[in-house]
Amino acid sequence: MAQPLSLCRPAPFLGAPASLSLSLSARCALVPRGAAVGRLSAVSSAAFRAPAARNARRWGVVSASAGTEEAEVAAAVAVLAEAARSKQVKGEAVFAALRRLETRKVGAEESKEWLAALGGAASPGRMWQLVFTAGSGEVRKAMKGGEGSGSYFPIAAVQRFDAQAMEIENGVFLGPVGHLTFRGPMGFTNRRLAFTFHTLSLKLGPLPPIQWAIGKEEDKGRVPGEGKAGAKDPFFTWFYVDDQVAAARGRGGGSAFWVRYTGPYKQ
Numbered sequence: 253m254a255q256p257l258s259l260c261r262p263a264p265f266l267g268a269p270a271s272l273s274l275s276l277s278a279r280c281a282l283v284p285r286g287a288a289v290g291r292l293s294a295v296s297s298a299a300f301r302a303p304a305a306r307n308a309r310r311w312g313v314v315s316a317s318a319g320t321e322e323a324e325v326a327a328a329v330a331v332l333a334e335a336a337r338s339k340q341v342k343g344e345a346v347f348a349a350l351r352r353l354e355t356r357k358v359g360a361e362e363s364k365e366w367l368a369a370l371g372g373a374a375s376p377g378r379m380w381q382l383v384f385t386a387g388s389g390e391v392r393k394a395m396k397g398g399e400g401s402g403s404y405f406p407i408a409a410v411q412r413f414d415a416q417a418m419e420i421e422n423g424v425f426l427g428p429v430g431h432l433t434f435r436g437p438m439g440f441t442n443r444r445l446a447f448t449f450h451t452l453s454l455k456l457g458p459l460p461p462i463q464w465a466i467g468k469e470e471d472k473g474r475v476p477g478e479g480k481a482g483a484k485d486p487f488f489t490w491f492y493v494d495d496q497v498a499a500a501r502g503r504g505g506g507s508a509f510w511v512r513y514t515g516p517y518k519q
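Numbered according to our numbering, the sequence shown spans residues 253 to 519.
Don't take each hint at face value.
Unchecked claim - Under the rule of at most 25 Å between Cα atoms (straight-line distance), these lysine to aspartate or glutamate pairs were calculated in the DMTMM-like manner: (1) 455 / 419; (2) 364 / 321; (3) 357 / 321; (4) 480 / 469; (5) 342 / 399; (6) 484 / 470; (7) 364 / 322; (8) 339 / 494; (9) 364 / 494; (10) 468 / 478; (11) 357 / 470; (12) 357 / 399; (13) 357 / 344; (14) 396 / 344; (15) 364 / 419; (16) 364 / 478; (17) 468 / 419; (18) 342 / 471; (19) 357 / 322; (20) 357 / 494; (21) 480 / 419; (22) 364 / 495; (23) 339 / 495; (24) 472 / 419; (25) 342 / 322; (26) 484 / 419; (27) 339 / 399; (28) 484 / 471; (29) 484 / 469.
These are calculated hints, taken from the structure and not from any lab test.
When you get a sec, could you build the whole thing from the sequences and use the hints?
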């Protein structure tokens, strides 16, 4: 029997909250040799499939032989979990895992569960920390047969999705210096989470936060992503979501992934 391949080498836990280390440790499991990372969608063209598979093999994300759909997905998610835990996985390998996840076939029943996985069953919802981003140029390069990459997000950025209130809050946190957050409504249809921001909050040091109303007056009261006005809203199109890892493509064409965050939101 083939020996398993560990996707989680020992490495110091750099930068991420302690709560992430515990929640992601179960993802860093042994994956059988020969397990691929992501099965390609049946609607993908051969020209699109080949570069993704080739780059994934090059960076050790998958082997030359294909495994089951379950094994493929588990291997890709393990790569992302290790990237979040250690911040030591090469950008090319993280990008390859994202591409393999994005090119798998997602069933309608699976995606129906994603809103609840992202935003929970009750307010204030669930929080997710941004780990890694790849620009639209990297994605386009990979789709043309090149090798894509990306980078770890350098500061603490946490997004809160509330599926009960259909609200999103996006925050950037700088420790004792302060934080900046944006809050507003969101809509979710067919894996696409559209949003707008109505409130900006700024906190500096020990001072209480200051809030401003932002956005257009005519946007208030409508569901983001719906109707003619909604066609211009920013959005994420999710291609993988579970209880600890989530990955999506943004409106601008770039890709990113997040991990579940259970620590204090505003600190």
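Each hint tested on the structure:
The hinted pair formed by residue 455 and residue 419 meets the criterion: a straight-line CA distance of about 21 Å does not exceed 25 Å. For the given pair, residue 364 sits about 19 Å from residue 321 by alpha-carbon distance, which is consistent with the 25 Å threshold. For a cut-off of 25 Å, the pair hint linking residue 357 to residue 321 stands: about 10 Å separates their Cα positions. For a cut-off of 25 Å, the pair hint linking residue 480 to residue 469 stands: about 16 Å separates their Cα positions.
Distance check on the hinted pair: residue 342 and residue 399 sit about 13 Å apart at the alpha-carbon level, within 25 Å; holds. Between residue 484 and residue 470, the direct Cα distance comes to roughly 13 Å. Compliance with the 25 Å bound is thereby established for this hinted pair. Restraint check for residue 364 and residue 322: the C-alpha separation of about 19 Å stays at or below 25 Å, so the hint holds. Under the criterion of a C-alpha separation no larger than 25 Å, the hint pairing residue 339 with residue 494 is consistent with the structure, at around 20 Å.
Using a Cα cut-off of 25 Å, the hinted pair residue 364 and residue 494 holds, with the two alpha carbons roughly 12 Å apart. Proximity of residue 468 to residue 478 is assessed by CA-CA distance (about 16 Å); at most 25 Å being required, the pair is judged to hold. As the CA atoms of residue 357 and residue 470 are separated by approximately 38 Å, the hinted pair breaks the 25 Å bound. Taking the CA atoms of residue 357 and residue 399, the gap is about 22 Å. The hint holds against a cut of 25 Å.
At most 25 Å may separate the alpha-carbon atoms for a hinted pair to count; residue 357 and residue 344 meet this at roughly 22 Å. Proximity of residue 396 to residue 344 is assessed by CA-CA distance (about 16 Å); at most 25 Å being required, the pair is judged to hold. The straight-line distance between the Cα atoms of residue 364 and residue 419 is roughly 18 Å, inside the 25 Å bound, and the hint therefore holds. A C-alpha spacing of about 18 Å is found between residue 364 and residue 478, which places the hinted pair at or below 25 Å, so the restraint holds.
The suggested pairing of residue 468 with residue 419 holds, with an alpha-carbon distance near 17 Å, which does not exceed 25 Å. Of the supplied pair hints, the one linking residue 342 and residue 471 is violated, its CA atoms being roughly 41 Å apart against a limit of 25 Å. Restraint check for residue 357 and residue 322: satisfied, since their Cα atoms lie roughly 12 Å apart, inside the 25 Å limit. A C-alpha spacing of about 15 Å is found between residue 357 and residue 494, which places the hinted pair at or below 25 Å, so the restraint holds.
Between residue 480 and residue 419 the CA atoms are separated by roughly 21 Å; this keeps the pair inside 25 Å, and the hint holds. Straight-line distance between C-alpha atoms of residue 364 and residue 495 comes to about 14 Å, which keeps the hinted pair within the 25 Å bound. Taking the CA atoms of residue 339 and residue 495, the gap is about 20 Å. The hint holds against a cut of 25 Å. At most 25 Å may separate the alpha-carbon atoms for a hinted pair to count; residue 472 and residue 419 meet this at roughly 13 Å.
About 24 Å separates the Cα atoms of residue 342 and residue 322, which keeps this hinted pair within 25 Å; it holds. Simply put, residue 484 and residue 419 have alpha-carbon atoms about 18 Å apart, close enough for the 25 Å limit, and the pair holds. Note on residue 339 and residue 399: the hinted pairing holds, with a Cα-Cα distance of about 20 Å set against a maximum of 25 Å. The suggested pairing of residue 484 with residue 471 holds, with an alpha-carbon distance near 11 Å, which does not exceed 25 Å.
Between the alpha carbons of residue 484 and residue 469 the distance comes to roughly 15 Å, so the proposed pair stays at or under 25 Å and holds.
Of the hints listed earlier, those the structure fails to meet are numbers 11, 18, in rising order.
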